[in-house]
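Trainee: Chain residues, written in single-letter form:
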Amino acid sequence: MIRMEGVRKSFGDNHVLRGMDLHIPKGSSMVIIGGSGTGKSVALKCVLGLIQPDGGRILVDGKPADSGDRDAFLARFGMLFQGGALFDSLPVWQNVAFRLLRGTLKRPMDEAREIAIEKLRRVGLKSDVADRLPAELSGGMQKRVGLARAIAAEPEIIFFDEPTTGLDPIMAGVINDLIREIVVEMGATAMTITHDMSSVRAIADNVAMLHDGVIQWTGPVADMDASGDPYLDQFIHGRAEGPIEAVR
Amino acid sequence: MNPIALLAQLGRVVLAALAALGRLSLFAGSTLSHMLRPPFYPREFFSALLNIGWLSLPVVGLTAVFTGGALALQIYSGGARFNAEAVVPQIVAIGIVRELGPVLVGLMIAARVTSSIAAEIATMKVTEQIDALVTLSTHPMKYLVAPRVAAALITVPLLVAVGDVIGIAGGYVVATENLGFNAAAYIKNTVDFLEVNDMVSSLVKGCAFGGIAATMGCYYGMKSGGGAQGVGAATKSSVEAAAILILAANFVLTGVFFSL
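Protein chains in written order, with my numbering: chain A, 1 to 248; chain B, 1001 to 1260.
Heads up, some of the hints might be wrong.
Derived pair list, reagent style EDC-like, types lysine to aspartate or glutamate, alpha-carbon separation capped at 20 Å [to be verified]: (1) K1142/B <-> D177/A; (2) K1236/B <-> E181/A; (3) K106/A <-> E1044/B; (4) K126/A <-> D177/A.
Across the chosen pairs, the derived CB separations fall in these ranges [what the hints assert, rightly or not]: (5) S10/A <-> P1042/B: 20 to 30 Å; (6) G1227/B <-> R18/A: 18 to 28 Å; (7) A135/A <-> S1025/B: 31 to 41 Å; (8) G1227/B <-> E118/A: 33 to 43 Å; (9) P1038/B <-> G228/A: 27 to 37 Å; (10) T104/A <-> R1023/B: 23 to 33 Å; (11) M197/A <-> I1004/B: 55 to 65 Å; (12) D168/A <-> A1008/B: 50 to 60 Å; (13) P1038/B <-> S67/A: 47 to 57 Å; (14) V1204/B <-> R70/A: 13 to 23 Å; (15) R57/A <-> V1204/B: 46 to 56 Å; (16) L1062/B <-> D54/A: 26 to 36 Å.
In short, the hints are calculated from the structure, not lab data. Backbone N, C-alpha and C define an ideal beta-carbon position, used for all residues, glycine too.
Bound conformation, chain A alone (with noise of 0.2 Å):
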């Protein structure tokens, strides 16, 4: 469903992604994973089109990501930030609802309310918390609002970047559990990043190592353990003596 060949991306003298090739088949899971500044979010940010790629190919259901209609296009993926990127103005309803309140997917106010509060609970949090503001809601809450606005438009492609970074160890692991459950539960086709390895072993299908520049390893998660492949032991132990070079 989504495949990358090639993709290279430099911010000037630093060369971010050197050929970067990956293949997600369709209704798969995912997860990137790599060191701090190894390229992942930029990665899938290429992908989005929130940053340009130098070179390479980015191909969607066999299309290039980078042509025709980009509102059709941005209207099949939900994407899940980091730190959430909720609307700072916008209660938490319409934030879920935003894309449901514009444009093509648009609805009547009160559908979209519905549909808003639904996704809420899908995600375990009460309808209490529809008319309240971002600022008013803890880390862990934020988090499933994000997930509940990747959802809220059914999207055929979800993509989760770091979605556990911030999050106490037993919040974090809810999130992994509802990520799983909403992607095998939608047939949807997600692709995640994350340095998690918790994470990685309760979302991931497949997972794919990204180190300087390239995908050092891909695989099913099954295989991740006994691949082999010294940058991913070494990743997956956390030690510091290996290949990948650990700034002390």
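Given the coordinates of chain A, assemble chain B onto it according to the supplied hints.
Mentor: Then chain B, alone, in the frame of chain A:
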């Protein structure tokens, strides 16, 4: 210093300035284009009208009333040196309507509105809210920039008109209460002296200054760097640029209206 190196440095500064001007012009052109093409966001537009127009009234009113009062005192004491105290109503009116009203309102809008727009949009940028807008199929130029600039183009001339009236009223109160002017004569002199061109220039300046103030806030907000420092830098740069451009535009517009 080597003259070639000096020339090269000067060239770099000129090129950087031209590049910045080019980026700003493209941004202003894009803003105009998004203001004229659907989809429109009426809720964001009315919210901007309220924030830029209605909520700026207190600061504009206070600025104008004190300036009008001080201007009356200055003209009275300066005019007394050559027995021309009687010109207070006329000079207050022309000074407020042609210059001080639009410029002071423009600068107050730069301080209040430009800074808040720049800080808000820059914060949205660093917290990925702008990226979120894009992923939700909403163009940030249409949703964030066009409504704010359109609202400023409409409300700032109205604020200037209100500021003009309040400024003249400030001068009137000081002149009639402290300086012994006759109230009816003061009003008659003010009304008789002002021309339509004075008021038109005031409103046109208000429109131009409103456009500059909102565009600078949006421009620096949209191009801000990361983190709190980026938000601070965007806010500071937007107010500086807006204030300088407002004063420069005032000079040009004064020339256009009154030197020909």
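Trainee: State for each hint whether it applies.
Mentor: Outcome of the hint check:
Pair hint K1142/B plus D177/A does not hold up; C-alpha atoms about 37 Å apart against a cutoff of 20 Å. Distance hint between K1236/B and E181/A is unfulfilled; the C-alpha atoms sit about 46 Å from each other, more than 20 Å. This hinted pair checks out: K106/A and E1044/B have alpha carbons roughly 16 Å apart, not beyond 20 Å. A distance of roughly 18 Å separates the Cα atoms of K126/A and D177/A; the hinted pair therefore holds under the 20 Å criterion.
Our hint of 20 to 30 Å for S10/A and P1042/B is violated, since their Cβ atoms are close to 42 Å apart. Remark: the range hint 18 to 28 Å for G1227/B to R18/A is upheld by a beta-carbon distance near 27 Å. Between A135/A and S1025/B the beta carbons are some 37 Å apart, a value that agrees with the proposed interval 31 to 41 Å. Here the CB-CB span from G1227/B to E118/A is close to 37 Å, well matched to the stated 33 to 43 Å.
Taken as a hint, the range 27 to 37 Å is violated for the pair P1038/B and G228/A, whose Cβ atoms sit roughly 57 Å apart. Evaluation of the 23 to 33 Å hint for T104/A and R1023/B yields a pass: the beta carbon distance comes to about 31 Å. In this structure the hint that M197/A and I1004/B lie 55 to 65 Å apart at CB holds, the actual value being about 59 Å. Remark: the range hint 50 to 60 Å for D168/A to A1008/B is upheld by a beta-carbon distance near 56 Å.
Judged by the Cβ atoms, the range 47 to 57 Å given for P1038/B and S67/A is violated: they are separated by roughly 23 Å. Between V1204/B and R70/A the CB atoms are about 38 Å apart, so this pair departs from the stated range of 13 to 23 Å. Against the hinted window of 46 to 56 Å, the Cβ-Cβ separation of R57/A and V1204/B comes to about 52 Å, which satisfies the hint. In this structure the hint that L1062/B and D54/A lie 26 to 36 Å apart at CB is violated, the actual value being about 53 Å.
In summary, the numbered hints that this structure violates are 1, 2, 5, 9, 13, 14 and 16.
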